[in-house]
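Single-letter residue listing:
There are 2 protein chains.
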Amino acid sequence: MKNCIVAQSGGPTAAINASLAGVIKGVLSQKEYGRIYGALNGITGILEGRSLDLTELFQNSENLDLLKVSPAMYLGSCRYKLPDMETGAEDYQKIFTFFENMDIGAFFYIGGNDSMDTVDKLSAYAAKIGSQVRIIGIPKTIDNDLCITDHTPGFGSAAKYVAATLLEIYHDTVIYNLKSVTIVEIMGRDAGWLTASSVLARNGYSPAPHLIYLPETAFETEAFLKDVSSLLAKQNNIIIAVSEGIRDKDGKYISASSGAVDNFGHSQLSGAGKTLEYLIQDRLDVKVRSIELNVLQRCSSHISSLTDLEESFCQGQHGVSLAAGGNTGLMVTINRTSSEPYQVSYGSAPVCEIANRVKSVPAEFISPQGNDVTPAILPYLRPLVQGEPDIRFAQGIPCYLPVPHLS
Amino acid sequence: MKNCIVAQSGGPTAAINASLAGVIKGVLSQKEYGRIYGALNGITGILEGRSLDLTELFQNSENLDLLKVSPAMYLGSCRYKLPDMETGAEDYQKIFTFFENMDIGAFFYIGGNDSMDTVDKLSAYAAKIGSQVRIIGIPKTIDNDLCITDHTPGFGSAAKYVAATLLEIYHDTVIYNLKSVTIVEIMGRDAGWLTASSVLARNGYSPAPHLIYLPETAFETEAFLKDVSSLLAKQNNIIIAVSEGIRDKDGKYISASSGAVDNFGHSQLSGAGKTLEYLIQDRLDVKVRSIELNVLQRCSSHISSLTDLEESFCQGQHGVSLAAGGNTGLMVTINRTSSEPYQVSYGSAPVCEIANRVKSVPAEFISPQGNDVTPAILPYLRPLVQGEPDIRFAQGIPCYLPVPHLS
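Protein sequences appear in the order of chains S and Z. Number 61 in our numbering belongs to position 61 of the first sequence; there are no gaps in the numbering. Number 58 in our numbering belongs to position 58 of the second sequence; there are no gaps in the numbering.
Rather than coming from a laboratory, the hints here were simulated on the basis of the structure. Keep in mind that this is a model prediction, so the values were computed, not measured. We put the beta carbon where it would ideally sit given N, CA and C, even for glycine. Heads up, some of the hints might be wrong.
To be verified - List of simulated lysine-lysine pairs, DSBU-like, C-alpha gap at most 30 Å: (1) K287(S) to K81(Z); (2) K287(Z) to K94(S); (3) K94(Z) to K274(S); (4) K274(Z) to K287(S); (5) K2(S) to K81(S); (6) K287(S) to K252(Z); (7) K252(Z) to K274(Z); (8) K179(S) to K128(S); (9) K81(S) to K179(Z); (10) K249(S) to K287(S); (11) K249(S) to K226(S); (12) K94(Z) to K252(S); (13) K249(Z) to K274(Z); (14) K179(S) to K287(Z); (15) K81(S) to K94(S); (16) K252(S) to K274(Z); (17) K274(Z) to K179(S); (18) K226(Z) to K287(S).
Stated by the list, open to error - Here are a few chain Z residues that face chain S, going by a calculated C-beta distance under 7 Å: (19) M73; (20) L82; (21) M85; (22) A89; (23) V174; (24) P404.
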């Protein structure tokens, strides 16, 4: 009986450990693999031979339950882009030598778009060298921007955090009897899904956020100032949800961008909220504040979505079934069969159809003026934030699974 | 039978509505007052004759329970500094005419240091004109900087948020196998209590925050850089908790201060975290990020401290007893009789001994190097963050009491 290995990569979410728990549970219960190893710091852990044997630790169901609700990556992460096999053969040789030495039959990679690129390359290489190691991708990203799958693990929890927080900011803001503008900057470089989910803070009495700007629509400074001014003429406190990735019609980011780029060539963004704060300060005579939700929107496991955690767990388990069934080069997908009542099934798609593409918020979910979402997005978003996991507290703070030594 | 009126003032907390609920419950159950009114937007609502009759609405215990867990001020707030009675007689006349017209026997003002100044002035004026209106202050401030009382309503919830969030940031940060510094800026202009409470994130496996800087100690840039460098020589990810109010030995704020001041003459701060981020970027060759917890630390009711909410409620009730007993010019206090087991009793103190003074973190709670707190602070802090209120969720987001129309 072969062993298997799992790793996590990319930016953290509140649900990426739920997927890891699903993989572990799948391996332990399906008994298709002998031991389950965890590579530390994603693919770099395999390149450097750093891994843990997870098999015994998670026989204990309490550890597994705790893992399910713990934020970020239990196994650590990396942002390493695997070179093409033509130019970086050495990496591929190292990885498959590791697989051989550890008698690995399947590799599960939990990650976002860039990690799916790694799954794609490794499965192509395996085919080329005739390796029987199955390579399966399990999605995660708070950005919800992977193609084919209905939504991504981690998105629902981040969306729940964003909506709950916007509602709380509404309560915090509405108390003063004077005009004010509050800008909340939300993550999402290319896709506005998470910013769009702020609409869920509108709960019958809260009209916040009053305006929503996504990267899918070209941002026009003058139209924005006009939107804000006309609302201020009618009411006191305006709350604006804005994606970090908003751009003008020429594609230039509305932010105090440093011009730096990360390993994947993405612009390092910061400050769309701050930039708009300064703009309003400069052009409109009104109190203005910006709030950057920062990493809090992806790591606040204490307010994660139970639906998200359960689906993430199931996607981990499904990945094991796919590998055990002889599949490779696939990413687990979630297919929505109904929104009311909410029903899903799990499937898969060739990872080459998913990697390096982006699923944007479609036009029918964005208002014609580009300053709001439409009600059509609600049945899509609403089910994803439902339910609250049972988070235990010790000494007044949440109980999570201690992270192993990662370096 | 006389009526009474209650108002809320200053910055929001997660517990200021629990105190309001306590006042309402006290009035409804003690039957010393006929009707209970709520002035909108603090003392300005009395000056402008804007108030609500709360008597019927909160006969409904479900509304009262919802009020108890709702963030910020149900009745709205203000930042109005009452002038001295010599120069601003008109304000005082308006207020006491309002009291007379509404047949008010007691006024409960829930607020921080500046609101206690108002309580002090109004009770002195009442004495001067021979008014029988009882003026009682009920404290609140996340800053925990009021004298005499053991701790302030709202602090425990904010401290719980800060500690839980620091723990989650630790999980988020520790995943990368590279050197990084994360700076978390925490509210507290003059007193470092809230920043100090970040120590509660150290839970056995989390050493974060590795460094803690309070406004009570003069901040030295070179010592700070040395602290960070020597930690980085030993480990990968350093998390630093820093108060927005840190200053150098000359009392100059370590921040990108605009030099602006608010109505009370306080410097408007922003950016101690950002300033240190830029400093590290400039001087140390390491990845650095700063996170400003911003208003989230005071309005995230979904993770408030049950101990804090219950004590805030009791302090509201106790305020009603004080007024009914014929007292005036007092602030409700909480007296700790034991830390283990945690036991408190409620008392009062003349508000003139509290207003316009600040209780700093004492020297024995701060490390000699000024870059950490001492273990001696733990028995003080720990009981205040215990317990989680039962927050209901509807459609995936928290249920709070809708705010009335405030303007």
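The hints, checked one at a time:
Proximity of K287(S) to K81(Z) is assessed by CA-CA distance (about 19 Å); at most 30 Å being required, the pair is judged to hold. For the given pair, K287(Z) sits about 28 Å from K94(S) by alpha-carbon distance, which is consistent with the 30 Å threshold. For a cut-off of 30 Å, the pair hint linking K94(Z) to K274(S) is broken: about 41 Å separates their Cα positions. For the hint pairing K274(Z) with K287(S), the CA-to-CA distance comes to about 21 Å; that is within 30 Å, so the pair holds.
Simply put, K2(S) and K81(S) have alpha-carbon atoms about 27 Å apart, close enough for the 30 Å limit, and the pair holds. The suggested pairing of K287(S) with K252(Z) holds, with an alpha-carbon distance near 25 Å, which does not exceed 30 Å. For the given pair, K252(Z) sits about 16 Å from K274(Z) by alpha-carbon distance, which is consistent with the 30 Å threshold. As the CA atoms of K179(S) and K128(S) are separated by approximately 65 Å, the hinted pair breaks the 30 Å bound.
Restraint check for K81(S) and K179(Z): the C-alpha separation of about 19 Å stays at or below 30 Å, so the hint holds. Between the alpha carbons of K249(S) and K287(S) the distance comes to roughly 28 Å, so the proposed pair stays at or under 30 Å and holds. Distance check on the hinted pair: K249(S) and K226(S) sit about 17 Å apart at the alpha-carbon level, within 30 Å; holds. At roughly 55 Å between alpha-carbon atoms, K94(Z) and K252(S) are farther apart than 30 Å, so this suggested pair is violated.
Under the criterion of a C-alpha separation no larger than 30 Å, the hint pairing K249(Z) with K274(Z) is consistent with the structure, at around 20 Å. As the CA atoms of K179(S) and K287(Z) are separated by approximately 38 Å, the hinted pair breaks the 30 Å bound. For a cut-off of 30 Å, the pair hint linking K81(S) to K94(S) stands: about 15 Å separates their Cα positions. Straight-line distance between C-alpha atoms of K252(S) and K274(Z) comes to about 24 Å, which keeps the hinted pair within the 30 Å bound.
Distance check on the hinted pair: K274(Z) and K179(S) sit about 27 Å apart at the alpha-carbon level, within 30 Å; holds. Distance check on the hinted pair: K226(Z) and K287(S) sit about 38 Å apart at the alpha-carbon level, beyond 30 Å; violated. Below 7 Å, beta-carbon pairs count as interface contacts, and M73(Z) has one with chain S at about 5 Å; its hint therefore holds. For L82(Z), the interface hint is violated, since its Cβ never comes within 7 Å of a Cβ in chain S; the closest pair sits about 16 Å apart.
Taken as an interface hint, M85(Z) does not check out: its beta carbon lies about 24 Å from the nearest beta carbon of chain S, beyond 7 Å. Violation of the interface hint for A89(Z) is found here, the shortest Cβ-Cβ separation to chain S being roughly 24 Å, above the 7 Å cut-off. Annotation: interface hint on V174(Z) holds; nearest CB of chain S at approximately 5 Å, less than 7 Å. The interface hint given for P404(Z) is broken, as the beta carbon of that residue sits about 10 Å from the closest beta carbon of chain S, more than 7 Å.
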